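Engineer: Residue-level listing of the chains:
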Amino acid sequence: MSDGLTRRIIACLDVTKGRVVKGIQFVDLIDAGDPAELAHAHAASGADEIVLLDITATSDARPILIDVVRRTARQLFVPFTVGGGVRSLEDAAALFDAGADKISINSAAIKNPAIITEIAERFGSQAVIVAIDAKRKSAASDAECAPGSRAQRANLGEANVEGSRAERANLEGQTVAAEVYLAGGRIATGQDALEWAREAESRGAGEILLTSMDCDGTRNGFDCPLTAAVAQAVHIPVIASGGAGTPAHFTEVFQAGHADAALAASIFHFGIHDVRELKAQLESDGIPVRLPC
Amino acid sequence: MITLIDYKAGNLASVRKAFAYLGQETETTEDPAAVQKASALVLPGVGHFSTTERLAMSGVRDAVLEAIAEGTPFLGICVGMQWQFEGSTEAPGSEGLALFSGQCERFQTELKVPHVGWNRIRRTPEGAQSRLLRGVDEGSFVYFTHSYRAPVVEGVAAITTYGETFAAAVERGNVFGTQFHPEKSGDTGLQILKNFCNYAAERSAR
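Line by line, the protein sequences are chains A and B. Read left to right, the first sequence gives residues 82 to 374 (the working numbering). Read left to right, the second sequence gives residues 60 to 265 (the working numbering).
Just chain A, with the same shape it has in the complex (with noise of 0.2 Å):
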């Protein structure tokens, strides 16, 4: 029973039209039930904290689903971030009184990043969670979930994770270079997602979530690389998310990643790895997770 500050599993509940949904790689959707008892459940069934992002609110111009947020909010008590279409001071401070102790801002932060100093100023860092949705600029298999760039990592053998990683490390530093998207990844934005993040944590933002546009509900595994080259390009705790499969997908992104916390939707919808088993398995890959939960 060591002590010192544990890895967060965070379980992301993708929310349009009030309820929660999955899709591949941000479309095909489908139902996956009510956001509230999702994130109870979750809570219940150790979960370190419930994201909520509703997943239409920008692309459909309209302002995120304030009961649905109230609604989740009540019984939960554990840390709720919430984040899709806050556009102003106006919408964090609806989202902070509903309930949520984080926001959640990607689009109105890249077209405007003044509002994330003014959420950050008024509501303090902490509470500011600065979302990038991010693609390789090379081809997407060299994202680390492409299934050409694991075989190439099996081969670097699992043996020598010290070596392997340091190894990698090497290559990273010359080849990740990942271009942020915007609107749940209709828009390419241009800009670097490095670059980003460092100027996102500079106007106040408290964590980084970082999702990988070319793993996302590929189940093959995070984007260890481009995780490891963000949580080294800034200071503030780095949220991975997307490509989550199994457990030792998450351990290699607490490993070679250097993720502080590791997001993950659809492996935890259907009931297919519960949180507590995930943190078990985590565990005895020396991994510090808050057990018992």
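The reader is advised that the hints may include incorrect statements.
Said to hold, decoys possible - Covered stretches of chain B (in silico footprint by chain A; criterion: 3 or more residues with CB under 8 Å from a CB of chain A, positions within the stretch not fixed):
1) 96-108
2) 178-187
3) 216-223
4) 242-254
Quick caveat, the hints were computed from the structure, so don't treat them as lab data. Quantities reported herein were computed from a predicted structural model and do not represent experimental measurements. Glycine residues also receive a C-beta, built at the ideal position from the N, C-alpha and C atoms.
With the hints as your guide, set chain B onto chain A.
Structural biologist: Quick look at chain B alone, frame taken from chain A:
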């Protein structure tokens, strides 16, 4: 009735709904007169230490000190706990309540700052009989988010380690404080808030 002190720095909703869940009524005020006659006071805090300046300016600081002297139960959360110390290097000009000795300082560690997430609390010898932590298992996890931390001095009931060891909870007479957020710390946090409510109820029954 629990009186939540609002100093317009952040978000009271989470604390309010945690007390509501425990069946405890709350009111929110920044009026010194209401603070003085409160039966129990909670100062939830997020953000910068300098925001406590507002409490001095408005007369709430003096009202809190008077209420404490009269035995009113007082719980400070996060910056609300830090305010119970002498001050913080985050805002050298802003005076704390000096109920506990020492200054709050930024973490001096190679680890990432802020310290965000779930970490364990452990009772100090002094905190073995803590009322606030009654029923809380040794080494329980609670949720932190902060860049400054208070020193381990007399009155510290529990400690946490993040690169260095710091005050996680304080307790002296009717004054309680937590660096972590009990309203975000699951069942452990709810137990702590319930302990505070029970203490407040016992006191007002007397």
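Engineer: For this structure, which hints from the list above don't hold up?
Structural biologist: none
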